[in-house]
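Trainee: Residues per chain are reported as follows:
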Amino acid sequence: MTPDTRPLPVLNPETRRLFEYTLRGELPLQRCAACDGYRFIPRVLCDHCGSPEWNWTPAQGGGQLISFARVHKVFHPGFADRTPYWIGIVELDEGPRITSALTVRKPWEESLTAGMRVVLELERRTPEIYLPRFRVTGVEE
Amino acid sequence: MVRERNMRGRCAIAGVGVTPMGKIYGRSTDDFAAQALQLAVQNAGIELDEIDGLLLQPGIDYRLGMGFQNYLGFKNLKLFNTISSGGAGAISMVQYAALAVHAGMADVVACVFADAPLAEKTSAGDAYKVGGVLSQPGGYTSLLNAHGYFGATSGYALAARRHMELYGTTETHFAQVAISTREWAVTNPLAQQRKPLTREEHQNSPYVVEPLHLFDCCLVSNGGVAVIVTSAERARDMRQVPAYILGMGQGHFGDQQHRGREPQVETGLAQAGKASFAMAGLAPSDIGACQLYDCFTYTVIVSLEDLGFCAKGEGGPFVEGGRLGPGGELPTNTGGGQLSGYYMWGMTPLSEAVIQLQGNAGERQLDATTHLVSGNGGVLSYHSCLILGNSP
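Going down the list, the protein sequences come from chains A and B.
Note that the first sequence covers residues 264 to 404 in the working numbering.
Note that the second sequence covers residues 335 to 726 in the working numbering.
Bear in mind the hints are in silico, worked out from the structure with no lab data behind them.
Worth double-checking, as some hints may not be accurate.
Covered stretches of chain A, going by a simulated chain B footprint (3 or more residues, C-beta under 8 Å) [stated by the list, open to error]:
id: 1; stretch: 265-278
id: 2; stretch: 301-313
id: 3; stretch: 332-342
id: 4; stretch: 351-362
id: 5; stretch: 386-399
Ideal Cβ placement from N, Cα and C applies to all residues, glycine included.
Modelling step: build the complete structure from the supplied sequences, incorporating the hints.
Mentor: As structure tokens, this is what we get:
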């Protein structure tokens, strides 16, 4: 089996926290204590109301497909054996949109549309790093 | 004396210099920048030592920087900065130069861009290595590369697909942009790609990141471009017809992706364009030609919508029938753009507008007296707009 040489995420305090959650099977969101708005990319201030107070809340795991694209060019040798592959933008049911890899199984490859349901899945990259990504489940809203 | 705030027609671009472009090896970025500036100074009919302001923007090689002042031996600059907003930067440089000239801080400001990413025996795609283009705090940007999302093409592919899902835009619409732009490049001796492009060639070109084919993506170039910004009065004393700055604007909606926001489909260019039209006292129907940032074909379509040339979602049908090409109703990217001309970020559309307004466009010369110029940075993150005309 060829070794996995795909790039790994940078480890810093923010991503370390992310991977503590994903190791437990969860995707952490910041939930604003003032306006209840959710965000995925960590920020010290709510980008909706400006409040500096939040709580970490795991996402429910469901969302819908906003956009999708299939990568054909090998941008990094680590992906040579996996190309073409899908990336996408998904909108969590909580509101934030996330760009990530997409798992698209056979019936859906030629018929993806925005609005299809997606679910969170976690891809083991190292014993400590489970990368959050999404799988298309094919049901349209 | 009450000084009017509106700057319409108070400043002008008095000179432009464009070096040879493309697969030119063995020259440094500073060398390209210096040549661009020399050509601009000659074009304007002035001497280098008349320049008292210098604004610089590096390209993807990140080399053009503060040391360039000393490389050229400027000993008494009254204005100096490097500028950074990606493809929006060239127009922003011109705007800041105009503001400084209008405020009396400097009289003759050079704005310079140069980039030399191409190397021998390396493909353009490999030479243009960009990490995550979205700017996000901390290590979250690095998640993108881990997922296999690399650079601008991934981001623009997702943006283009969103537009297709929302409005029914098709790959054929993108192809039409590429075809019309290439028709202009055929007429431009400075352009890197001068062979006409057919729909079949476009569709048969490999996908880079689907839905974007190879010919939906801009070129890579080694080269440099410089422009000279001064007051309208000073410009009238120089050699060329001035490209008067009639309108200026910027718009930056940020990258926050969230329910209810579509920053890659309803872009900040709407704000940049609105401000420009307001300053100029003009509307889209007054614009004779467009020089639009065209890093990808999709960028042109969404720009036309956000600038108000057509309704949101109608950009695909708007470009059908060669409306943007030679003989079309809205000549766009008349030098071949970044898709087929040369890729000097925002200096590509800017330089073509100035060359046209000076009357130096040769075979592709238009009668158009006003040109709109747009700049895009990041992945539809940062936007700038200028309206230029050959009379104030």
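Trainee: Just to make sure I understand the rule, a stretch counts as covered if three or more of its residues have a C-beta closer than 8 Å to a C-beta of the chain. Does the stretch 332-342 of chain A meet that for chain B?
Mentor: holds (count 8)
Trainee: Holds or violated: the stretch 301-313 of chain A covered by chain B, criterion of 3 or more residues with Cβ-Cβ distance under 8 Å?
Mentor: Holds, because 5 residues of the stretch 301-313 of chain A bring their Cβ atoms closer than 8 Å to Cβ atoms of chain B.
Trainee: If you look at each residue in the stretch 386-399 of chain A, do at least three have a Cβ nearer than 8 Å to any Cβ of chain B?
Mentor: Coverage by chain B holds for the stretch 386-399 of chain A (3 residues, Cβ < 8 Å).
Trainee: If you count the residues of the stretch 351-362 of chain A with a beta-carbon closer than 8 Å to a beta-carbon of chain B, do you get 3 or more?
Mentor: holds (count 8)
Trainee: Examine the stretch 265-278 of chain A: at least three residues should have C-beta closer than 8 Å to a C-beta of chain B.
Mentor: Coverage by chain B holds here, the residue count being 10 at a Cβ distance below 8 Å.
When the structure is compared with the earlier hints, no violation turns up for any of them.
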